[in-house]
Structures are given as structure tokens and as C-alpha cells.
Amino acid sequence: MFEKMLRLNNIQVIYSDVILVLKGLSLEVAEGQIVALLGANGAGKTTTLKAISGLLKTEDGRVTDGGIEFMERRIDGLDPEDICRRGIVQVMEGRKVLETLTVEENLKIGAYTRRDADGVQRDLRMIYDYFPVLVARRHAVAGYLSGGEQQMLVIGRALMARPKLLLLDEPSLGLAPLLVREIFDIIRKIKDEQGTTFLLVEQNAQIALSIADYGYIMENGRIVFDGPAAKLRGNQDVREFYLGLSEAGRRKSFKDVKFYKRRKRWAF
Amino acid sequence: MTEILSSQVVSGLATGCVYALIALGFVLIFKATDVVNFAQGEFVMVSGFISYTLLIGLGIHYGLVLLATIVLSGVMGVVLERVVVRPIMDAPIFSIVIATIGASIVLRSSAGILYGYDVLPLPTIFSKDPIRVGFVQFTAMDAGVIGFSLVIMVALYLFFKLTRTGTAMRATAQSQTAARLMGVSVTRIFSLTWAISAAIGGVAGVLIAPIIYLDPNLGFIGVKAFAGAILGGFGSIPGAIVGGMLLGVIENLSGYFFNAGIKQVSTYILLILVLVIRPAGLFGAAPIRKV
Ligand SMILES: Nc1ncnc2c1ncn2[C@@H]1O[C@H](COP(=O)(O)OP(=O)(O)O)[C@@H](O)[C@H]1O
Ligand SMILES: [Mg+2]
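Protein chains in written order, with my numbering: chain D, 1 to 268; chain G, 1 to 291.
Worth flagging that the hints you see were computed from the coordinates, not collected in a lab.
Treat the hints with caution; some may be incorrect.
Stated by the list, open to error - Some chain G residues judged to face chain D by a derived CB distance under 7 Å, without partners named: (1) A168; (2) A178; (3) L181; (4) G183.
From the three backbone atoms N, C-alpha and C, an ideal C-beta is built for every residue, glycine too.
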């Protein structure tokens, strides 16, 4: 059994003192796993990641109830740079490369908190092994990379910090399906070979569940469903509402499904 | 004729290098924090008085004075950021800019109260005797000012390009959020940026005060340097350097070809011309677009 590395206990998040976004959300991430957090646009996935990484603070948001524990210690309320130093690194959605810095400078800034120069050099080579397309572009200015290369770069930059937990926000967004497959396979490979733990936010449930060990489905600021990835992949409702396999093609809310409510405990 | 013209160009370049240093201070703070610090010229003025006090008042060796002035000026930058800017960092940028104008007035008045408004002579180690190399004529002072400025600029370039902290500063200038997520303390980077900008202003003060004058109004040189920064394209580091240098040379030449009155307004005429033709300035940063 894996140790629960990250625990969100019933957290409530409010922006600007009035906008309630997370309404008692609980989730756990076991060490060494890829945990997928799935849900439609606006469900509160990014807000959940920001609550963990501390970015919430910089956007006038607050965890007003419940708590976040990382390796048995409370982290809610800390500054993002302190949370990073504890081993959590967030990769923001939208491939936020540092555009005017070169690829290699982007990677090196990822290792900002580290003092082991040898280890940093080793990891730099490791990143280039995982993402060989970056090698040829290492001295290119990051703003000129293609979308796929930029996504690889921001994941590589986060890995350079040697994070214990990596938060990934919609890495598939706006990329061609083949490229998405390639990137997700590399993520799985990194998890298997480096033991990095991932909390992976996606709207593309199918691809996320294909590499994840466990999955949570959220709707409107709450977790509505969770279970081992294999189970979610096989579940009729998940297939229908999140894997786009519905015959009717309608997109109802998961909560509307009466039969699900009756068997709410079923997935635990 | 050529001797005089060349000496005008070289001495203009010397003044221009100092404008460039001050302009760099403006741009560094602006890039990192989005604040235009209108007390930048006062860093120059205060450091002029610091070195005057150390040199004349305490009789300390010139090299030590130079070093101490740079350090003390850097400290002044940190204090100004901590006391004036940081407490209102969440206020609109406009309010912060007004606060820096307030700080510049306080510094100028304080200097006036302490030292009076008479022009003080700040000694220099460089001789003002003319040197001739081929057709070019200049003074050791011109060469010293240009050389020293270039050394500072190269050192800054290497710092930003090669060091871990310098890279973190560039990263912060680009995205504070991304930098914080990588563990960079943005507050510390801000402090450091103000320290560096003020320290460069300190160098400018030691270099320029012996050339023009030292009195509490020396800080108005900041206005010209600001014009230089805009000329080069505000926010661009190469722009600040080239803009500052260009301004110095053109100012000197227009004084030579026309008169002192034209010299005073030439910078502004040039500035308006450039902005009409190229609103983003000479090096105005075109946003990076994907190929
Ligand atoms: N900084 C903010 N201030 C106010 N409301 C916000 C802010 N960020 C997000 N929200 C709101 O929170 C809800 C969830 O957003 P988000 O967490 O980005 O969802 P997701 O990532 O699942 O698409 C949305 O309704 C959004 O409008
Ligand atoms: Mg989102």
C-alpha cells in the first residue's frame, strides 16, 4: 500500500471573499502514483491545483475551510515559493514557458532551489533523454518552440526541481492527438522510472485514465466520483459522460443520474 | 576642425554612457516590477554627495570611495523599495510611481538642507588634458568614463546571462507566477533589482558629478536618461544603452553646431521625432510570435 502523500480534507475555496468555487472537496494522492482529476471546464480543477501550489494566494483566493496536508504537514496558506521548496511543483495550463529565455535556461531555472550542481547536470541530460526534440532546440529562445515542444519544456522544467509531487494542468490542451499520446506516454515512463508522483488535471478523461492509477471526477467544486483508473474506464456512466462514448450524445450532469446517487458508496 | 568635432563626439559619448547607466536603472526596475522609478536620478545625486563627503570630508582614498559609494547607493535602493514601494505594492502602478516622485522630492530637499544649493566640486582621478590618437582628440576623463561604464555594462550582461540569480531575475521579469512556482522569492528579487539599479545610479553619480556639477538638482539628469530610455524603446536593455549614448552625442553636437539653448532642447526634439516615426522606440520590443 502506498503512503498518502497529499491529502485535501474537505476544502472550501473562495475568491475575492465572495466567489465560492470549491465546496468541500476531498482527495488523496498516494506516493508514486498518477492520480487524474477529471471534469468539465469550470468545475474547479485549476483552482484545486492552485490551492495546493499556493498560487491561490496571488489571485486573491483563500482556503477558508478544511485543510491541505503534504507529507503529514499542513501547507495551506504558505507562499508558492515555500511550497515549491517542499517538493510540489505546478505546471500551469497553457504552456507558460519563459519566452525570452532559451530552452536550456528554462530548464536551469527549474532547478533554482537545488544546490547539487552535479545532480542538476545529470537531470538536464535525463530531460533531454525523455524529450529528445529539445536537444536540437536547447539554445533556441523558448517563445519560438512549437506547442508540443513548449509542453515538453514546461514538464521538463518542473522535473528539474526534482519534485516529489508534480501538478500537471491540462497538458493535452490544444495539441494534436498523436502528440498528446506521445507526451502522456512519456509522463507514464517518467513515473515508472523516476518514481515521481503526479496529480494530473484533464478534460480529456480518456487519455488521462489511460496512464493514471486512480481517478477523481469533479463537478461544480466537488468530487462526485472516484476510483481506480481501470474501474473508471470500465464504468458505464464515466464512459458515457466523460469518455465521450454516449450514444445519445447528450451531456447531462453526473449528479442527475439517480442510479449513481443510490450507489454513491459503490466506488469507494 | 576634426579634432574639435571628434572631441565633441567622444565627450558626448562619455555623458551618453552615464545617461545609459541611469537609463538601465530605470529599465531594470520597470522590467522586474512594472514601476517607473522617478527617484532614479536622485540615486545619482545622493551618491554624488556620498562620495563628496567620503572624499573631501573624511579624506578616504578614491578607489575605496568608489566602492563604498556603490554599496551605499545599493543600500539606499533597498531601503527605498522597502519603505516607499513595498508597503503600497498592491496599489495601482500609478500611485507607486507618484510615491517615487515623492521620494525624489524628499531626497532632493534633504540634500539641499544638508549641503546647501551651491555647486560643489567633486574631484576625479581622471585628467582633463586632451589626448590625441590619430585624428581623434579626447580627454582621459572621457576615456575613463566610457571605459568604466562599459565595464559595468559587460559585468551586468554576464551577471544576467550566466548566474543563477541573474537568470532568476530575468525569469521574474517575464512571469512572476512562473518564477514563484520554481521557488524564486519574488520579494527578494525585487529588493535585489532596486539594489542593482541604485548601485548603477551610484556609479553614474561618481562619473558624472565631476563633469557637470554637484548640487541637489543633479537628480534632474534622470529626466534626460529617461528620455534616452524611451528613445531606445522603454523596457529594452540594449535600447536603454544605445538610446542613452545617442542622446549624449546628439546633445553635444547640437550644442556645437547650434548653441547652448538648442543643446538643452535637442534631446526632446529628437525624442519626439523618434516617437513619431517609431512609437515603440528604436529597440521597441516586438512581441515574440510563433513561427
Ligand atoms: N481568480 C479567480 N477569481 C474569481 N473566480 C475564479 C478565479 N479563477 C477561477 N474562478 C472561477 O472558478 C470556477 C472554476 O474555475 P477553474 O478552477 O479554472 O476551473 P477548471 O480548471 O476546472 O476549468 C470558474 O467558475 C471560474 O470562473
Ligand atoms: Mg482549468
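Here is how each hint holds up against the structure:
1. A168: With a minimum Cβ separation of about 6 Å from chain D (threshold 7 Å), the hint on A168 of chain G holds.
2. A178: holds (5 Å)
3. L181: holds (5 Å)
4. G183: Holds - the Cβ of G183 of chain G comes within 7 Å of chain D, reaching about 4 Å at its closest.
Comparing the model with each numbered hint stated earlier shows that all of them hold.
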